[in-house]
Amino acid sequence: MRKVTLEINGKKVEKEVQDNTLLSTFLRDHLNLTGTHIGCDTSQCGACVVHVNGNSLKSCTALAADIDGSKVTTIEGLATNGKMHPMQEAFKKLHGLQCGFCTPGMVMSAVDLLQKNKKPSDTEIRDWLEGNICRCTGYQNIVAAVKEAATKM
Amino acid sequence: MASLVGSRVERKEDKRFLTGKGRYTSDINLANQTYAIFVRSPHARAQIKKLDISKAQKSSGVVSILTGSEIAEDKIGGLIAGWAIRSEDGTEMKCPANPPLAKDIVNFVGDPVAVVIAESLEEAKVAAEKVSVDYKVLKAVTSTADAMDGDTIHEGIDKNLCFDWLLGDRQKVKEAFEKADKVISIDIINNRLIPNAMEPRACLADYNSASEEITLYTTSQNPHLSRLIMSAFGNVSPEHKLRVVAPDVGGGFGSKINVYNEDIVCSWAAKKINRAIKWVAERSESFLTDIHGRDHVTHAELAVTNDGKFLGFKNETIANLGAYARVFGTVTPTYLFGPCATGVYEIPAAYSNVKAVFTNTAPVDAYRGAGRPEATYTIERLVEKASMELGIDKTELRMKNFPTAFPFKQTLVHTVDSGDYVAGMEKAKQMADYNGYEARRKDSESRGKLRGIGVSSYFEACGIAPSAAVMSLGCGVGLWESAEVRFNPTGQVTVYTGSHSHGQSHQTTFAQIAADELGVPIENIDIVHGDTDKGTFGMGTYGSRSLTVGGIAIVNACKKIVEKGKRVTAKMLEASPEDVEFKDGEFIVAKSNKKKTIGEIAFACYLPGVRDEMKSPLPEGEEPGLKETAFFDPSNFSFPAGTHIAEVEIDPETGEVKLEKYTACDDFGRIINPMIVEGQVHGGLAQGIGQALYENAEYDETGQLMTGSYMDYTMPRADNFPEFNIGYTCTHATTNPLGVKGCGEAGAIAAPPTVMNAVIDALGGQEITMPATAEKVWKACKNLKKSNSKAA
Numbered sequence: 001m002r003k004v005t006l007e008i009n010g011k012k013v014e015k016e017v018q019d020n021t022l023l024s025t026f027l028r029d030h031l032n033l034t035g036t037h038i039g040c041d042t043s044q045c046g047a048c049v050v051h052v053n054g055n056s057l058k059s060c061t062a063l064a065a066d067i068d069g070s071k072v073t074t075i076e077g078l079a080t081n082g083k084m085h086p087m088q089e090a091f092k093k094l095h096g097l098q099c100g101f102c103t104p105g106m107v108m109s110a111v112d113l114l115q116k117n118k119k120p121s122d123t124e125i126r127d128w129l130e131g132n133i134c135r136c137t138g139y140q141n142i143v144a145a146v147k148e149a150a151t152k153m
Numbered sequence: 154m155a156s157l158v159g160s161r162v163e164r165k166e167d168k169r170f171l172t173g174k175g176r177y178t179s180d181i182n183l184a185n186q187t188y189a190i191f192v193r194s195p196h197a198r199a200q201i202k203k204l205d206i207s208k209a210q211k212s213s214g215v216v217s218i219l220t221g222s223e224i225a226e227d228k229i230g231g232l233i234a235g236w237a238i239r240s241e242d243g244t245e246m247k248c249p250a251n252p253p254l255a256k257d258i259v260n261f262v263g264d265p266v267a268v269v270i271a272e273s274l275e276e277a278k279v280a281a282e283k284v285s286v287d288y289k290v291l292k293a294v295t296s297t298a299d300a301m302d303g304d305t306i307h308e309g310i311d312k313n314l315c316f317d318w319l320l321g322d323r324q325k326v327k328e329a330f331e332k333a334d335k336v337i338s339i340d341i342i343n344n345r346l347i348p349n350a351m352e353p354r355a356c357l358a359d360y361n362s363a364s365e366e367i368t369l370y371t372t373s374q375n376p377h378l379s380r381l382i383m384s385a386f387g388n389v390s391p392e393h394k395l396r397v398v399a400p401d402v403g404g405g406f407g408s409k410i411n412v413y414n415e416d417i418v419c420s421w422a423a424k425k426i427n428r429a430i431k432w433v434a435e436r437s438e439s440f441l442t443d444i445h446g447r448d449h450v451t452h453a454e455l456a457v458t459n460d461g462k463f464l465g466f467k468n469e470t471i472a473n474l475g476a477y478a479r480v481f482g483t484v485t486p487t488y489l490f491g492p493c494a495t496g497v498y499e500i501p502a503a504y505s506n507v508k509a510v511f512t513n514t515a516p517v518d519a520y521r522g523a524g525r526p527e528a529t530y531t532i533e534r535l536v537e538k539a540s541m542e543l544g545i546d547k548t549e550l551r552m553k554n555f556p557t558a559f560p561f562k563q564t565l566v567h568t569v570d571s572g573d574y575v576a577g578m579e580k581a582k583q584m585a586d587y588n589g590y591e592a593r594r595k596d597s598e599s600r601g602k603l604r605g606i607g608v609s610s611y612f613e614a615c616g617i618a619p620s621a622a623v624m625s626l627g628c629g630v631g632l633w634e635s636a637e638v639r640f641n642p643t644g645q646v647t648v649y650t651g652s653h654s655h656g657q658s659h660q661t662t663f664a665q666i667a668a669d670e671l672g673v674p675i676e677n678i679d680i681v682h683g684d685t686d687k688g689t690f691g692m693g694t695y696g697s698r699s700l701t702v703g704g705i706a707i708v709n710a711c712k713k714i715v716e717k718g719k720r721v722t723a724k725m726l727e728a729s730p731e732d733v734e735f736k737d738g739e740f741i742v743a744k745s746n747k748k749k750t751i752g753e754i755a756f757a758c759y760l761p762g763v764r765d766e767m768k769s770p771l772p773e774g775e776e777p778g779l780k781e782t783a784f785f786d787p788s789n790f791s792f793p794a795g796t797h798i799a800e801v802e803i804d805p806e807t808g809e810v811k812l813e814k815y816t817a818c819d820d821f822g823r824i825i826n827p828m829i830v831e832g833q834v835h836g837g838l839a840q841g842i843g844q845a846l847y848e849n850a851e852y853d854e855t856g857q858l859m860t861g862s863y864m865d866y867t868m869p870r871a872d873n874f875p876e877f878n879i880g881y882t883c884t885h886a887t888t889n890p891l892g893v894k895g896c897g898e899a900g901a902i903a904a905p906p907t908v909m910n911a912v913i914d915a916l917g918g919q920e921i922t923m924p925a926t927a928e929k930v931w932k933a934c935k936n937l938k939k940s941n942s943k944a945a
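Chains A and B, in that order, give the protein sequences. All the letters of the first sequence, read from the start, carry residue numbers 1 to 153 under our numbering. All the letters of the second sequence, read from the start, carry residue numbers 154 to 945 under our numbering.
Careful, some of the hints might be misleading.
Only pairs whose alpha carbons sit at most 27 Å apart, straight line, appear in this in silico DSSO-like list of lysine-lysine [unchecked claim]: (1) 747/B / 93/A; (2) 168/B / 152/A; (3) 780/B / 747/B; (4) 92/A / 780/B; (5) 71/A / 780/B; (6) 747/B / 11/A; (7) 93/A / 174/B.
Keep in mind that the hints were calculated from the coordinates and are not lab data. What you are looking at is a predicted structure, and each value in this text was computed from that prediction instead of being measured.
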C-alpha cells in the first residue's frame with residue numbers, strides 16, 4: 001500500500017492504494033468514477049481512455065501508484081459548469097454513439113487528437129482511433145463528430 | 154404541431170452516456186457485496202473425476218464455494234433451448250441437459266464447474282486457483298463438417314445430431330432440376346463469429362431475506378423473458394419473488410438474449426449465502442462463454458435456364474450448435490434460415506435441409522441477423538456464380554427473377570406484404586455508379602491492382618410473428634410486445650415498453666411516436682424499460698422487433714388514451730363522444746370552439762371533482778386515472794429488403810483487400826428517425842464487412858479457442874472502412890399502422906455476400922472462404938497469375 005496524491009477532474013485526491021492497482025480500477029472502484037469503462041483485458045479496446053497530464057492514456061495500462069502527482073481528466077470532468085464539451089456535443093448531434101459503452105474512451109481519445117491536430121483529415125481521424133473499438137456505430141458518425149468538433153474547438 | 158416521426162431528433166439518452174452517467178451493471182455496487190469467480194473447464198471435453206475445494210475453502214476471504222453437486226441437490230434447473238424443432242422424419246429434436254454448473258462432464262472450454270464467492274475480487278481469484286479438479290480428458294469434437302462422425306458427446310444423441318430438418322419439397326425440386334439447362338452449385342462455409350458487445354457480460358444478485366425477493370441486475374436484452382426462464386425452468390425462485398433489472402446495457406447483438414449460467418448461479422447463491430454477489434466477465438471469459446454466431450457448412454444448388462430464369466433451389470447445411478442448445482440456438486439455423494433461403498427471387502421449387510450438430514465448442518445462438526445472413530450468403534453467392542457461368546450481368550440476372558407483384562408469396566414460407574426490389578436495385582446502381590465501374594477497374598489495373606464489384610439483393614424476415622404461428626412451429630413463448638402509457642396528473646407521460654434498448658435508441662424513437670400520437674412535447678415523455686418491477690411483462694429486443702412490434706404496442710396504447718380522452722371531453726363539454734376530434738394534443742368538439750387539452754383531461758381524470766359540487770368530469774362508469782396498456786401481436790413478420798453494391802481493390806503482391814466503395818440502398822418502410830436508422834445501417838454493415846474480411850472464431854482440434862482475445866480475433870477498427878454510401882427506397886409495411894419495417898440487422902445480412910462477391914469477382918471467380926484475409930487472397934492471386942500465364 002502507498003499513498004498517492006492526484007488531481008482528478010480538478011479536485012485533489014489523496015488515497016492509499018496497493019502497488020498493483022490499475023488506474024482504471026482506482027477510478028472506478030475507489031473513486032466511483034464509473035464513466036471510465038473496462039471492455040477488455042488486453043489493453044486493446046480503448047473504453048478506459050482518460051487524460052493524464054493532458055495526454056490520452058488507456059487507464060488499464062497504468063498503475064495508480066505510478067502516476068502519483070499527475071493531473072487526470074476522466075469523461076466526468078470534460079464538461080464545464082454543466083455545459084458539455086464541443087466533442088460531447090458533436091457526438092450527440094451526429095449520433096456518434098449507440099450503446100454508449102465505448103463512448104467515454106472514444107470521446108477522450110478524440111479530444112486528444114484535436115489537441116494535437118486541429119484539422120485532421122478523415123484518414124487521420126480513422127488512424128488515430130485505431131485503438132478504440134466500437135461495435136455499434138461502424139465508426140462513420142464518430143468520424144463525422146470529430147470533424148464537427150474540430151470546427152468548434 | 155409538426156410531426157416528429159420522420160425527423161432527425163437528437164437522442165434523449167446521449168447526455169448520460171457522454172458525461173459518464175450511464176449506469177451499466179458493472180457500475181452498480183451494493184453494500185456488503187461479495188465477488189464471484191467461476192472455475193471453468195480448461196478442456197473441451199472431459200469427465201470430472203474429482204473436484205476438491207478443501208484448500209480453496211481455507212483461502213483468505215472465502216465466503217462460499219458451490220459446485221454442480223449443490224446445484225443438483227437444490228434441483229436448480231439448467232439452460233434451455235427456446236424452440237423445439239422436429240426432424241424431417243417427424244421425431245423431436247434431441248437436446249442434452251445443460252446444468253448451470255457441470256457436475257460430471259464438461260463439454261467446452263469455459264464450461265463452469267464451480268463458483269468461488271469471496272469478500273474481495275482478488276481473494277476470489279486467488280481461491281479459485283486453489284480449486285482442484287481432476288479431469289479425465291476425452292476426445293473432443295470440434296469440426297462442424299465432421300461432427301456426425303465424431304465420438305458421441307451427449308449420451309443418447311447419436312451422431313451428435315440434434316435434428317435433421319427439412320423445409321420444402323424434395324420431389325418438386327428434383328423435377329425442377331431435371332428441367333434445368335444448367336445447375337450452379339456451390340460449397341460454402343459461413344464462418345463462426347463472436348458477437349463481442351463492448352460491455353462484457355455481468356450480473357449482480359441481491360437477496361432480501363425478509364421479503365424473500367431476489368433482485369438480479371444483469372446484462373440482458375430481455376429481462377422479463379430472463380425472469381420467466383429462470384423461474385419456470387431454472388427453479389431459482391417464483392416469478393413474483395424475482396426481480397430482473399437490465400439497466401444500461403452496452404450492446405447485445407443477440408449475445409445477451411440468453412439467460413447464462415452466471416445469472417442462475419449468482420441468483421441462487423445470493424439466497425444461499427444471504428449476501429449480494431457481483432460477477433463481471435473478463436473479456437477472455439466473454440470470448441469463451443458468450444454465445445457465438447453462424448458456423449454453417451453448406452452445399453447449395455440453383456437450377457437455371459440458359460436465359461437466366463431460376464427453376465429450383467436446394468441447400469444441404471450442417472449447422473454447429475456448439476455444446477448445448479440455447480434459447481435461439483435451434484431456431485436460428487431453421488425457421489430464421491430456411492424460409493429466407495430463396496432470397497428475393499421467384500423460384501418455383503425449393504428445399505432447405507439442415508442438420509444441426511453438437512460439438513465441444515461454445516454454444517452457437519442468435520447473432521445479429523441470426524440465420525438470415527447465412528441464407529442470404531448462400532443464395533447471393535450462388536446467384537453471383539450463376540451470373541458468371543451464364544454470362545449475364547449480375548444486376549440483370551437478379552432483376553429477371555425478382556417478383557413483379559406484391560404481396561409476394563415465396564416458395565417456402567413467407568408472404569412478403571410489400572416491397573419494390575427493382576426500384577431498390579436501380580437506385581443502388583445509380584448511387585454506386587455501377588455503369589462507370591469498368592473505367593474504375595481499368596484504372597486499378599493500370600496501377601497493378603485487381604478490382605472487383607459485388608452485388609447482393611436481400612430481404613429479411615424480422616419482427617417474428619404472429620405468436621400463434623411461431624408457437625405452432627415450436628417456439629416456447631409468444632412474440633407479441635407490451636406497452637403501458639401513463640399520464641401523470643400534471644400532464645407528463647411515462648411510457649413503459651417490454652422491449653429493451655442496448656443501443657437502439659428507444660428513448661428517442663419511442664418518444665417521437667408517443668409525442669405524435671398524444672400531442673405532448675417530447676421532453677415531457679419518458680420511456681422506461683429494463684426492469685421487471687416497472688411496466689408490464691414484455692418479450693425484449695432481438696430480431697429487429699422493437700419498433701415493428703413494441704413501437705406499435707405504444708401506438709395502440711396511445712390510441713386507447715385518446716379514446717378515453719374523447720369520452721371525458723364529451724362529458725366535460727356536454728357533447729357526444731362521436732363529435733369529439735383529437736388533434737395535436739387537443740380534444741375539440743366538432744363545429745364549435747369548445748376544446749380541452751390532453752393535459753387538462755389528464756388532470757381531470759386524476760382529480761375528478763370540484764369543491765362544493767357533486768360533479769365528476771368522468772362519464773358514468775368511467776374509471777379515474779389516465780393509463781392504458783396494449784399488447785400487440787403482428788399478423789406477420791416485417792420484410793425489409795434492398796440491394797447493396799461493393800467495390801474492392803486488391804494488391805496482388807500482398808493480398809490486401811481494400812474496400813473502396815460500399816453502397817447500401819434499403820427499404821425499411823416508413824422511417825421514424827433517419828439519423829438513428831443510418832446508425833443502425835452503419836453498425837450492421839461494419840459487422841457484416843467484419844465477417845467478410847476480418848473476423849473468424851477458430852478452435853483447434855482439441856477444442857481450444859485459438860481466437861480468444863482482441864489480439865487474436867480481428868475486431869474491425871475505424872481505419873478498416875470507407876465512408877458508406879447509404880440510401881433508401883420506401884414501401885410501407887401493410888401489417889402495422891406505422892408502415893414500419895425492422896432495420897437493425899440489414900447491414901449484417903447484406904454485407905458479407907456483397908463484399909465476398911466483389912472479392913471473388915476481383916479474383917476471377919476463384920472461391921475463397923470468409924474472412925478474405927491477406928494470406929488467402931495472396932494465394933488466390935498467385936493462382937490467378939498461373940492460370941493467366943497458362944491461358945496466354
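Now the hints, each set against the structure:
1. Pair hint residue 747/B plus residue 93/A does not hold up; C-alpha atoms about 41 Å apart against a cutoff of 27 Å.
2. For a cut-off of 27 Å, the pair hint linking residue 168/B to residue 152/A stands: about 18 Å separates their Cα positions.
3. Restraint check: the Cα-Cα separation between residue 780/B and residue 747/B comes to about 24 Å, which is no more than 27 Å; the hinted pair holds.
4. With a C-alpha separation of about 32 Å, the suggested pairing of residue 92/A with residue 780/B is violated against the 27 Å cut-off.
5. A hinted pair counts as satisfied when its Cα atoms are at most 27 Å apart, and residue 71/A with residue 780/B does not qualify at roughly 51 Å.
6. Proximity of residue 747/B to residue 11/A is assessed by CA-CA distance (about 59 Å); at most 27 Å being required, the pair is judged violated.
7. For the proposed pair residue 93/A and residue 174/B, the alpha carbon gap of about 18 Å is at most 27 Å, so the pair holds.
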